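K.L.:
Let chain Y serve as the given structure and place chain F on it in line with the hints.
Those protein sequence lines, which keep their order, are chains Y and F. For what it's worth, the working numbering labels the leading residue of the first sequence as 1, then goes sequentially. For what it's worth, the working numbering labels the leading residue of the second sequence as 1, then goes sequentially.
These aren't lab readings, by the way, just hints derived from the structure by calculation. Be careful, since some hints might not be right.
Looking from chain F toward chain Y, a few residues come up when the C-beta cut is under 8 Å (computed) [to be verified]:
no., residue
1, G6
2, G7
3, T19
Dumping the calculated DSBU-like pairs for lysine-lysine here, alpha-carbon to alpha-carbon at most 30 Å [as the list claims (entries may be wrong)]:
no., chain 1, residue 1, chain 2, residue 2
4, F, K36, F, K65
5, Y, K165, F, K65
6, F, K2, Y, K211
7, Y, K211, F, K10
8, Y, K345, Y, K297
Sample of chain Y residues with no beta-carbon within 10 Å of chain F, all distances over it, derived [unchecked claim]:
no., residue
9, E45
10, M106
11, R136
12, Y265
13, G282
14, S386
For clarity, every value in this text was computed on a predicted model and none was experimentally measured. Glycine residues also receive a C-beta, built at the ideal position from the N, C-alpha and C atoms.
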Amino acid sequence: MTAQEVDKKKMVVVEGSYAVAHSVKICKPNVISAYPITPQTHIVENLSQFIADGEMPDCEYHNVESEFSALSALVGASAVGARTYSATTSQGLELMHEVLFNVSGMRLPIVMTIINRAVSAPINIWNDHQDSISQRDTGWIQLYAEDTQEAADMTAQAHKIAEDKDVLLPVMICMDGYILSHVYEPVVLLEQDLVDEYLPGYAPVFVLDPKNPMTFGAFAAPSTYTEFRYLQEQAMGVALKKIEDAANKFNEIFGRYYGGLIDEYETEDAEIIIMAMGSIIGTIKDVIDARRSKGEKIGLLKVRSFRPFPVEATRKALKNAKVIVTLDKNISIGLNEGALCTETKACLHNTNIDAPVIGYTVGLGGRDIPIHTIENIIDQAKEVMSSGITVESQFTDLREDLI
Amino acid sequence: MKIAPGGVCKPGTTRVNKTGGWRTYRPVYDYDKCIKCKLCELLCPESSVLPKDDGFYEFDYDFCKGCGICANECPKQAIEMVLEEK
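Okay, chain Y solo, but in the shape it has when bound (with noise of 0.2 Å):
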């Protein structure tokens, strides 16, 4: 039997928050903090519930009053040499802004999942990535997941990542509000022996302990502070294999895999190569079916990790394509173009790959991506690759009648 086929037998139908939530009781923390905010709060209500009914003995759930005392308890908890985890979205995760320099900057291994929802204002409760793009330099790992089951999965394998001795990073994962948060979908809930066997028990280099004082995330004057954020970069470095090892390890034992910095689907012999990250990958991929059929060489490079950003791993997999699309659920106002585009460009420059990307802003504020939007997408893609770029990035579907 495949994999696949031995998966299909245990699958049950879930909410991706409990799958979520299922895993991390899997994981066995020691310390959850957070405070509900929609739409992530499914996932915290599933876990008090677990401790409610004595299903994790081990593990003390903190009830705060905002989102920076959630994540500033976990700062504490995790010097002392607890698992820790939270989750949050959106106005929770730029009021946590402050905090999250420091989790990063103290190297504590806090695993957290973030619900990606649109960012105020105006108010807005759907999904696009801006909330989590708009911390990308605060110093945590931020993995993006597919569907709900690589959401699930994600969180064994941030918890392994995040508390590896050579990283010791904080770890965010990505995922769609509503979109995999909410929705009913078989899964197979993870295994506790087969996790157990996957992740080792979180052994702390430090342990705050008055027994022993120590001082966590001590001051440091202009004559040492540079060498503190040196060595943030070089664990993010570390960090690129680790990502890699921790997804082949986890395919190894569970037999399920989505790609360790990247996923190329179709990218081998592609003229257009889709870059995107979440939940938009299964549609694009349902286009690119369709399309190659007809014989139109498109190929999908699924971003897994924007941080760190794969930069070596990206340029591999462009090196043979004529036109590259970048597909942003963000964008930074005032260059007119999301993460993504930006950081592509990037590292595209100064390599001798020289075909044109292109941006594209979508899907902002839950706005659906239908097929047809990316068909559109692909269809510019292929007059850009005949007669050249014209414009650079852009917003998709926008609504003039509105304007």
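P.N.:
What follows is chain F alone, placed relative to chain Y:
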């Protein structure tokens, strides 16, 4: 000195990590005016006024940041703040 990831260190590293370099003005005693009233020692926010055996005081320039509180509060104007020049 070596740094550890996360800025983790044992207590007391400020003994190695000298911070007197932040100072722009350096306090200097005029012992002829000093009446050993102890105000400078009590008011120094950085514990950088150290008593000497003869009852007078001296500054610990490794950690004095030059805030000037001592000079401002001295009832006898026995402390002068002198510009640090290289």
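K.L.:
Measure nothing beyond the straight line between the CA atoms of K165(Y) and K65(F); if it is 30 Å or shorter, mark the hint as holding.
P.N.:
38 Å, violated
K.L.:
Hint check: is the beta carbon of G6(F) less than 8 Å from a beta carbon of chain Y?
P.N.:
3 Å, holds
K.L.:
If you take the shortest Cβ to Cβ gap from G7(F) to chain Y, is it below 8 Å?
P.N.:
4 Å, holds
K.L.:
Interface hint check: T19(F), Cβ to nearest Cβ on chain Y, cutoff 8 Å. Holds or violated?
P.N.:
7 Å, holds
K.L.:
With d taken as the least Cβ-Cβ distance between R136(Y) and chain F, does d exceed 10 Å?
P.N.:
Its Cβ never comes within 10 Å of chain F, the nearest being 21 Å, so this holds.
K.L.:
Quickly compare the C-alpha distance for K36(F) and K65(F) to 30 Å and report which way the hint goes.
P.N.:
22 Å, holds
K.L.:
Has the given pair, K211(Y) with K10(F), been kept, meaning a C-alpha gap of at most 30 Å?
P.N.:
12 Å, holds
K.L.:
Does S386(Y) clear chain F by more than 10 Å, comparing its Cβ with all Cβ atoms of that chain?
P.N.:
About 51 Å separates S386(Y) from the closest Cβ of chain F, which puts it past 10 Å; holds.
K.L.:
Taking 30 Å as the top limit, are the C-alpha atoms of K345(Y) and K297(Y) close enough?
P.N.:
Holds - the C-alpha atoms of K297(Y) and K345(Y) are around 22 Å apart, at most 30 Å.
K.L.:
A cut-off of 10 Å on Cβ-Cβ distance, and M106(Y) was said to be off the interface with chain F. Does that hold?
P.N.:
5 Å, violated
K.L.:
Below or equal to 30 Å on CA atoms is what counts here, so check K2(F) against K211(Y).
P.N.:
23 Å, holds
K.L.:
Determine whether the non-interface label on Y265(Y) survives the test: each CB of chain F must be over 10 Å from its CB.
P.N.:
37 Å, holds
Checked against the numbered hints given earlier, this structure breaks hints 5 and 10; the rest are met.
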